[in-house]
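**Q** These protein sequence lines map, in sequence, to chains G and U.
Going by the working numbering, the first residue of the first sequence is number 177, and it counts up by one from there.
Going by the working numbering, the first residue of the second sequence is number -18, and it counts up by one from there.
Wrong hints could be hidden among the right ones.
Calculated pairs, EDC-like style, for lysine to aspartate or glutamate (alpha carbon to alpha carbon, straight line, at most 16 Å) [stated by the list, open to error]:
| no. | chain 1 | residue 1 | chain 2 | residue 2 |
| --- | --- | --- | --- | --- |
| 1 | U | Lys17 | U | Asp39 |
| 2 | U | Lys48 | U | Asp7 |
| 3 | U | Lys84 | G | Glu278 |
| 4 | U | Lys48 | U | Asp(-16) |
| 5 | U | Lys48 | U | Glu(-5) |
| 6 | U | Lys17 | G | Glu278 |
| 7 | U | Lys51 | U | Asp7 |
| 8 | U | Lys84 | U | Asp39 |
| 9 | U | Lys17 | G | Asp216 |
Rather than coming from a laboratory, the hints here were simulated on the basis of the structure.
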Amino acid sequence: DSGVTQTPKHLITATGQRVTLRCSPRSGDLSVYWYQQSLDQGLQFLIQYYNGEERAKGNILERFSAQQFPDLHSELNLSSLELGDSALYFCASSVEGVVYNEQFFGPGTRLTVL
Amino acid sequence: GEDVEQSLFLSVREGDSSVINCTYTDSSSTYLYWYKQEPGAGLQLLTYIFSNMDMKQDQRLTVLLNKKDKHLSLRIADTQTGDSAIYFCAETASSNYKLTFGKGTLLTVNP
């Protein structure tokens, strides 16, 4: 158990819908990262937040957005869903400032868009 | 841009050594990592190496880094059936903390 929790574990929805994925980082970790894992693209970095502020952006679509709240939990919002958005979405957290920046991954949310 | 490449499959017999290879393109990579993903689970960091090191050993794991060729390998000694999983090579540059992953190598250990 990494200490990072993600809810829900599974999500099945229809095209055009909007969903919210939730992540609680390890106690004390200020950084949260979101990754998308799909068969064709592999593991792709989406976005990073540090202590409530957006720190880095990767291959995140404009239909997707995220935020980190004062209690440090984070939400990833996916809207106007398409079939191709079906993937495993991972959240990771870390203590920035640690030299090698170990990121601890949650178990993921499996999103299926029908 | 950054790119990390790995072979997709490796099959070994129990007790043999496994060697998983990875190449990367970003010359500013500062840390290189090996993550393990078991079925239905998240990623677990196995080991990492700083870019100014050539080798790192941690129990059954040995990481070799050839910075000139941008080649990283993970050797698992005395491979066990419990080592069957997908192994991801990843890198991060000093300018940011995001991880760039390879597509993963599926290691199958046969009894």
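**Q** The structure should be examined with respect to each hint, and the outcome stated for every one.
**A** Results of checking the hints against the structure:
Distance restraint check for Lys17 of chain U and Asp39 of chain U: the Cα-Cα separation of roughly 15 Å lies within the 16 Å cut-off, and the hinted pair is therefore satisfied. A distance of roughly 11 Å separates the Cα atoms of Lys48 of chain U and Asp7 of chain U; the hinted pair therefore holds under the 16 Å criterion. For the proposed pair Lys84 of chain U and Glu278 of chain G, the alpha carbon gap of about 19 Å is over 16 Å, so the pair is violated. Of the pairs offered as hints, the one joining Lys48 of chain U and Asp(-16) of chain U holds, with about 15 Å between alpha carbons and a cut-off of 16 Å not exceeded.
A hinted pair counts as satisfied when its Cα atoms are at most 16 Å apart, and Lys48 of chain U with Glu(-5) of chain U does not qualify at roughly 31 Å. This hinted pair checks out: Lys17 of chain U and Glu278 of chain G have alpha carbons roughly 13 Å apart, not beyond 16 Å. Restraint check for Lys51 of chain U and Asp7 of chain U: the C-alpha separation of about 8 Å stays at or below 16 Å, so the hint holds. Distance hint between Lys84 of chain U and Asp39 of chain U is unfulfilled; the C-alpha atoms sit about 24 Å from each other, more than 16 Å.
At most 16 Å may separate the alpha-carbon atoms for a hinted pair to count; Lys17 of chain U and Asp216 of chain G exceed this at roughly 19 Å.
Violation of the numbered hints given earlier is confined to hints 3, 5, 8 and 9; the remaining hints are satisfied by the structure.
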